[in-house]
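Student: Each chain, letter by letter, is given below.
Protein chains: 2
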Amino acid sequence: MDEFDSIARLFRPLATSPEALGLMDDAAVLAARPGYDLVVTADAIVEGIHFLPDDPADLVARKLLRVNLSDLAAKAAEPYGYMLTVAWSPAWDEARRSAFARGLGEDQAAYRLKLFGGDTVSTPGPMSASVTMFGWVESGRMVKRSGARAGDLLLVSGTIGDGYLGLKAARGEFAGPDAALLADRYRLPQPRLALRNALKAYATAAADVSDGLLADALHICRANGLGLEVELGDLPVSVAAANWLAVQGDRTDALMDLATGGDDYEVVCTVHPDCVSDFIGFAHEHGVEMMPVGRVTAHRNISVSHWGEAACIEIDRLGWRHG
Amino acid sequence: MDEFDSIARLFRPLATSPEALGLMDDAAVLAARPGYDLVVTADAIVEGIHFLPDDPADLVARKLLRVNLSDLAAKAAEPYGYMLTVAWSPAWDEARRSAFARGLGEDQAAYRLKLFGGDTVSTPGPMSASVTMFGWVESGRMVKRSGARAGDLLLVSGTIGDGYLGLKAARGEFAGPDAALLADRYRLPQPRLALRNALKAYATAAADVSDGLLADALHICRANGLGLEVELGDLPVSVAAANWLAVQGDRTDALMDLATGGDDYEVVCTVHPDCVSDFIGFAHEHGVEMMPVGRVTAHRNISVSHWGEAACIEIDRLGWRHG
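These protein sequence lines are chains L and X, in that order.
Per the numbering used here, the first sequence starts with residue 1, numbered consecutively.
Per the numbering used here, the second sequence starts with residue 1, numbered consecutively.
Treat the hints as calculated values from the structure; they're not laboratory data.
Among the clues, some could well be false.
[Stated by the list, open to error] Looking from chain L toward chain X, a few residues come up when the C-beta cut is under 8 Å (computed): (1) V29; (2) A31; (3) M83.
[Said to hold, decoys possible] In silico DMTMM-like pairs for lysine to aspartate or glutamate, Cα to Cα no more than 25 Å straight-line: (4) X/K168 / X/D257; (5) L/K168 / L/D257; (6) L/K114 / L/D58; (7) X/K114 / L/E138; (8) L/K168 / L/D58; (9) L/K114 / X/E138.
[Said to hold, decoys possible] Just the calculated beta-carbon pair ranges, DEER-fashion: (10) X/A8 / L/R33: 45 to 51 Å; (11) X/G281 / L/N197: 51 to 57 Å; (12) L/P53 / X/S303: 44 to 50 Å; (13) L/R112 / X/G249: 56 to 62 Å; (14) X/E106 / L/R300: 33 to 39 Å; (15) X/G281 / L/R33: 34 to 40 Å; (16) X/R300 / L/E106: 34 to 40 Å; (17) L/A31 / X/S277: 31 to 37 Å; (18) X/R300 / L/R112: 34 to 40 Å; (19) L/G172 / X/G22: 37 to 43 Å; (20) X/A246 / L/P34: 43 to 49 Å; (21) L/G172 / X/E106: 44 to 50 Å; (22) L/E106 / X/G140: 32 to 38 Å.
Glycine included, each C-beta is placed from N, C-alpha and C at the ideal position.
Whenever a hint applies, use it, and build me the whole structure from the sequences.
Tutor: If you want it as structure tokens, here you go:
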């Protein structure tokens, strides 16, 4: 089956919007939406690095869309569509390629996303794929990483650490009754798109939690030339993570693992203290729990405490080594 | 050097436009341009497939931009900017990565392109990269593959076949005084952006010549449910290709090689016969020579002749096997 047949069979059924021109053209065409900016984000994945060779291909595809959707969520953007490039490896047979396309289709429907176009190539290496995703936001209203001010509270959505434990579970390094649940959460993040209006109304800055809560919070502070105080005791954790924490020797160290582990795809944001309770209430009405976990500071240091006691940070764990 | 350092050093100097937010955010933000559509295209490259491991990295980067620019050129779009995802292999040391970034910078300047953002990852496989590129065109004015009508003439820009011979030269399979020139043309295509206004004014349909003149012309005809007659004797060829043709045993077969070889990155388009002379004149004023090489037909067949004698086509050579 050549490239044209393959695109026709796998991807044309996913590209039914006018923008895609049936994947029969060299390009897609996006009409301007007056009063709106286009928010654009990209993520690439490589087999063996970002997913495991035996991960179900439909879940790989859905996670690829969802990590991009998570970026849109943190920017308060409404999902629109995406361009896809795929490098197929010979190990991906037609069944696996079809499963990948099926996963794309499922999440296109779930998130009202359009496939606009892309490119498919072959590689002798591991399978890889890249998505450039588009979202709409009212002109000038994208929530950036910049915008935080000293004194703003730092809040995070949902629970933190399930991504870290989920990766362990997916690798078979974590046993117990919660392993399957955690592995599922790792494989299929839930982008926090329901936060859009709350972020637009209240957040001074936001990012999604992909590198780890502390690293992503620090990215926000660094983008503003500011520092950060985080209280690990306030970290919202799932029942599964709480069960894991209960059997760890050093609770502070274990909380640091959760706060630096990444792959949570929650939203971390900053809000003026006077607005925090309104923000939490508004987010709750939209089905998302927001928890204050720290404070933006004028000095450029990061300090992490656990019930008020300073916790030791190895700065390398933050994925960020320069000021 | 971690990902953040690497992005800061290699790519931040290339991302100075407001849209890119200094690569410090999760996303880029593109303001609407009233009265314009955004044209979006994507191409991926894999080392060993689309370029050779010893190709200079700056040329690899520039070709990656130019194959996307060629798509914009065929759509009559004005270049705007791009998203880049790169999967670095361990064999790409800092010097090679820097050369890649330098090549991007050179062609960003040459084509007034902005880097908006992207993603960099590591791969144990061959280096690969993917660009999603954006261009502007007045609302509704993108030149599509659809739009051709029976009786339209088929025209092609510049010369055809240098991409085919250039690949041979780059592989060391082609010797002689023109080898270096042809290899350069293969490594560094010249996107036909100067055709923009002529295409908008006269073309009923257009595509760039990446898969081969016959294949890409056929894509246009198939998108319109039409057929095609091509006269190989009218094929515009370079002096280098003419020299090569002169020493081939079967000239018809050799012309077929040039017409099916791909990688020319010229523009093939269709124009109503009454407008052809105006179109050619307009394109010439913009520095591009357009040559009529065939005609769109109402019957869905493709027929290729050489000085009026039917030439045999193996349909597999067209990269298109279904009607």
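Student: Against the structure shown, which of the earlier numbered hints fail to hold, in ascending order?
Tutor: 10, 20
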